Amino acid sequence: MAAETGTPTTLTLKSNDDELFSVAESAAILSVTIRNMVEDGCAGGVIPLDNVDGKTLASVITYMNGISAIPADEEKKKSYRDKFLSDKDFETLADMVLAANYLNMSCLMDAVSAKIAQVMEKKSVGWVRRKFGIENDYTPEEEAAVKEEHKWTFEGVETDDDN
Amino acid sequence: MAIPEELMIDIFSRLPAKSVGRFRCLSKLWREILSTPEFIKSHLNLQTNPQQNLLLVAALNTIHTISDVKNGTVSRKIQLIDEWEEAIGSCDGLVLLLNEKSEKILIVVVSYYDTDEYYPDNFDTFVDVYCVKKGVWKRVDNSPYDLSSARRCTGACVSGAVHWLAPSKKQGDYRSVIAAFDLAREVFDEIPVPNDVSMDSGCYQLVVLGGCLCITDAGRSLHQDNNKTDIWIMHEYGMAESWTKFTIDCGGEVLLVYNLKEKSLKNMVVDGASAYVLDGCVFVESLLSPCFGAP
Chain A
1 MAAETGTPTT LTLKSNDDEL FSVAESAAIL SVTIRNMVED GCAGGVIPLD
51 NVDGKTLASV ITYMNGISAI PADEEKKKSY RDKFLSDKDF ETLADMVLAA
101 NYLNMSCLMD AVSAKIAQVM EKKSVGWVRR KFGIENDYTP EEEAAVKEEH
151 KWTFEGVETD DDN
Chain B
1 MAIPEELMID IFSRLPAKSV GRFRCLSKLW REILSTPEFI KSHLNLQTNP
51 QQNLLLVAAL NTIHTISDVK NGTVSRKIQL IDEWEEAIGS CDGLVLLLNE
101 KSEKILIVVV SYYDTDEYYP DNFDTFVDVY CVKKGVWKRV DNSPYDLSSA
151 RRCTGACVSG AVHWLAPSKK QGDYRSVIAA FDLAREVFDE IPVPNDVSMD
201 SGCYQLVVLG GCLCITDAGR SLHQDNNKTD IWIMHEYGMA ESWTKFTIDC
251 GGEVLLVYNL KEKSLKNMVV DGASAYVLDG CVFVESLLSP CFGAP
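As given, the protein sequences belong to chains A and B, one line each in that order. When we follow full-length UniProt numbering, the leftmost residue of the first sequence carries the number 1, and every step to the right adds one. When we follow full-length UniProt numbering, the leftmost residue of the second sequence carries the number 1, and every step to the right adds one.
If you are wondering where the hints come from, they were derived from the structure by calculation, not from laboratory data. Keep in mind it's a predicted model, so treat the numbers as computed, not measured. A virtual CB, placed ideally from N, CA and C, is assigned to each residue, including glycine. Be aware that a few hints might be false.
[As the list claims (entries may be wrong)] No farther apart than 25 angstroms at their CA atoms in a straight line, the calculated lysine to aspartate or glutamate pairs in the DMTMM-like style are these:
1) Lys-77/A with Glu-91/A
2) Lys-78/A with Glu-262/B
3) Lys-263/B with Glu-75/A
[Unchecked claim] Which stretches of chain B does chain A cover? Using the computed rule of at least three CB atoms under 8 angstroms from a CB of chain A, they are:
4) 2 to 12
5) 17 to 28
Isolated chain A, as found in the complex (with noise of 0.2 angstroms):
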């Protein structure tokens, strides 16, 4: 059944731990991944997505029914993003970013990255080697050694709130 002009089209997407979203096509198609299904015609019955569980995807429908509800006009829109992003903590983030990669949508890419860089910006070493899950190659002689290299780098770094 073809839908009449001018109805809004609802799209259904499905997250990997199997919730089930409606949201509105022209919302939905900031994500190039859903356009391109749209686009395909794969888009009829539900949009499987399975990088994303049912948090994270309820999230990013928030944001793409807000962002989308602005009209163009760049200031408002980066207003929105801010204050959208700003009561997310690092773990929320780091899903998001994903979300946003894997759904490709480039302005909340951009948005989360630059949130998460915010975040960590005066955070210790220590606290992101933990958040990200970097190993710590260096011998005790080598951190000392490059640590005393960047020694400036050190100054006003805030005290781990994670442990």
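Got chain A sorted already, so can you dock chain B onto it with the hints?
Chain B alone, transformed into the frame defined by chain A:
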């Protein structure tokens, strides 16, 4: 949770240079990644609105850097071995300092810092480019402008070109133009000057403020016995109609901060710096180094 390396590199490119320096201590792999020329370049390019830092050259072999002109008045003191009197200019995080007495020129790395340095030749009108990486001078262009008077002036570096005020070599026309030396193409272009600037006084100077090319004119304060300085800003590079003029009224030899948006002027007291300042310039943070790529 595993963020792929390419996404992590993108995130790290958005950090201030100081944080990048600290995170070189994460692991050997990350030290390598955060030191590649590709990373350093993308870090420089992603700083779309970099914080402008202020550098002051004070007496007694000391320079002070101030990282936040808006809120802070606390300076970082850098003790130097030699006496440097003049901050010639800054580009992509590199600051060039000059010592008059010994006629020595040195590129000083203030945080992490760049590759090439350029300097017009003394009395003739060729342009020589010094490539720090190769350690050689190269004569690149027979300049159509008389740059002899520009020799001691700061070349204002913005939008990939170094700018000097210089008269063209045409007979009978001694007015200065803005000569822009394009660093990539190694040729001269001419940038239009504001309509209300006569360009025949010796008091004009080119500077870069907030990433825009500016002309300052201290001539009014000399000729009309007041402390007014005219400043023109070229908001859009190369666009003659984007020149905007404003005037600041500064009383005597003090360090002032002028807020263009609020049109307010306030005295700036710098903690830790001496009241007597020889020179100053504005610079941004970067990861570039003059010894980059050197063995």
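Hints, verified against the model:
{"no.": "1", "hint": "Lys-77/A with Glu-91/A", "in the structure": "holds, 24 angstroms"}
{"no.": "2", "hint": "Lys-78/A with Glu-262/B", "in the structure": "holds, 23 angstroms"}
{"no.": "3", "hint": "Lys-263/B with Glu-75/A", "in the structure": "holds, 23 angstroms"}
{"no.": "4", "hint": "2 to 12", "in the structure": "holds (count 8)"}
{"no.": "5", "hint": "17 to 28", "in the structure": "holds (count 10)"}
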